[in-house]
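Chemist: One-letter residues, chain by chain:
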Amino acid sequence: MKVTEAIWEKRNLGVDCLEIDMDETDSLEQLDQVLENYKDKNYIVVKSPVKHERFLWGLPQRGFTYIESQIVFEAKKETYKAPSYMAVMERSTSLKRVSEQDDIIKALEKISDDVFDTDRITLDPSFSKEIAGQRFKNWIADLIRRGDYFLELYLKDNPVGFVIVNKDDGASLAGIYSNYKGKGLGMVLIKKGIDYVFSNGQKKIITGGVSSNNIDIIKIHLLLGFNINTIKYVYVKH
Amino acid sequence: MSNEQKLKNVFMEVLSLKEEEVTDNLEYNTITAWDSVGHMQLVAAMEDAFDIMMETDDIIDLSTYAKGKEILGKYGVSFQ
Chain C
1 MKVTEAIWEK RNLGVDCLEI DMDETDSLEQ LDQVLENYKD KNYIVVKSPV KHERFLWGLP
61 QRGFTYIESQ IVFEAKKETY KAPSYMAVME RSTSLKRVSE QDDIIKALEK ISDDVFDTDR
121 ITLDPSFSKE IAGQRFKNWI ADLIRRGDYF LELYLKDNPV GFVIVNKDDG ASLAGIYSNY
181 KGKGLGMVLI KKGIDYVFSN GQKKIITGGV SSNNIDIIKI HLLLGFNINT IKYVYVKH
Chain E
1 MSNEQKLKNV FMEVLSLKEE EVTDNLEYNT ITAWDSVGHM QLVAAMEDAF DIMMETDDII
61 DLSTYAKGKE ILGKYGVSFQ
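Note that the protein sequences, when read in sequence, are chains C and E.
For the first sequence, position 116 (counting from the first letter as 1) is numbered 116 according to this note's numbering, and the numbering increases by one without interruption.
For the second sequence, position 47 (counting from the first letter as 1) is numbered 47 according to this note's numbering, and the numbering increases by one without interruption.
Isolated chain C, as found in the complex:
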């Protein structure tokens, strides 16, 4: 069991957040002890492995609400292959690194508040899509501060989206700017991000958790040849 005091959520969400990542060997009794030890927290997120009925039934009994499943995907360079029809959108696009601080700030301003409309913050009535959007921008700023690269996707001369890439871990966050959503560019963006990571020497990519609410992104990963690595249920409690 991994217990994290998510202090960044005080800034992002205005809550004292505890994140608990459970595995198959953890028990509900252990969870109860942790909850007792952290009674001062007012927002608790528990991630539990799938299939185990003790979590499926035990967490709601403890006041937790299921909010999503998180799917972690993986792809190996030698088996990763984009479908041929992607060429129709890819032909006029390019990925450019944005290095200057002022340019990064300008790019962040293009990210609308509803960029993340399927995540657990947007879907939680205790928060709002505006809070979720600002949290997302804070997250991006944190990643850039730690040295990740901010890459922008261009469609001819127009910036249409972005992807954050870490030279060691791979691509993390990505999004299409609101004026260009729903045009097939999301798949191009993810593919270009993957190409960038693989071209910089990585042989395998393991994604962060993709929300089960984000059907489009799940579809894209599967179409790009990713396999499912793990799935976890995510529960929250206020």
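Honestly, the hints are just simulated from the structure, not real lab data.
Being a predicted model, the structure only gives us computed values, none of them experimental.
Treat the hints with care, since some could be wrong.
[As the list claims (entries may be wrong)] Straight-line Cα separation of at most 30 Å, DSS-like style, residue types lysine-lysine; simulated pairs:
id, chain 1, residue 1, chain 2, residue 2
1, C, Lys-156, E, Lys-18
2, E, Lys-8, E, Lys-74
3, C, Lys-219, E, Lys-6
4, C, Lys-181, E, Lys-69
5, C, Lys-156, E, Lys-69
6, C, Lys-77, C, Lys-203
7, C, Lys-106, C, Lys-96
8, C, Lys-219, E, Lys-18
9, C, Lys-81, C, Lys-204
10, C, Lys-232, C, Lys-2
11, C, Lys-204, E, Lys-6
12, E, Lys-67, C, Lys-181
13, C, Lys-219, E, Lys-69
14, C, Lys-219, C, Lys-204
15, C, Lys-77, C, Lys-106
16, E, Lys-67, C, Lys-219
17, C, Lys-181, E, Lys-18
18, C, Lys-181, E, Lys-74
19, C, Lys-106, C, Lys-137
20, C, Lys-10, E, Lys-8
21, C, Lys-219, E, Lys-8
[As the list claims (entries may be wrong)] For each label pair, taking beta carbons as the anchor points, the in silico distance ranges come out as:
id, chain 1, residue 1, chain 2, residue 2, range
22, C, Glu-53, E, Asn-29, 35 to 41 Å
23, C, Thr-230, E, Glu-70, 46 to 52 Å
24, C, Lys-203, E, Gln-80, 53 to 59 Å
25, E, Glu-19, C, Arg-146, 33 to 39 Å
26, C, Asp-103, E, Thr-56, 20 to 26 Å
27, E, Lys-67, C, Ser-112, 22 to 28 Å
28, C, Ser-69, E, Ser-2, 44 to 50 Å
29, E, Asp-61, C, Asp-23, 45 to 51 Å
30, C, Asn-138, E, Phe-79, 48 to 54 Å
31, C, Gly-201, E, Asn-29, 36 to 42 Å
All residues carry an ideal CB built from backbone N, CA and C; glycine is no exception.
Dock chain E against the given chain C, drawing on the hints supplied.
Modeler: Below, chain E without anything else, positioned relative to chain C:
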């Protein structure tokens, strides 16, 4: 085969539709199959069927079946 029938066949095959469902008002993002992935597949199939390469602006503008005919017209495909 007429160009109209050729285009209908593309839509039917890519989006798994019956012929009567392919109308001028058929619109992107109003049916499950015609999402952003379906859109790319549709464009690729249209390019193959009519032996053309569409400009990116036209790919993005392709919003309905009727618009598809209009766009193909720019590439010399007539629908009389």
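Chemist: Provide an ascending list of the numbers of those earlier hints which the structure does not satisfy.
Modeler: Those not satisfied are hints 1, 11, 15, 20, 25.
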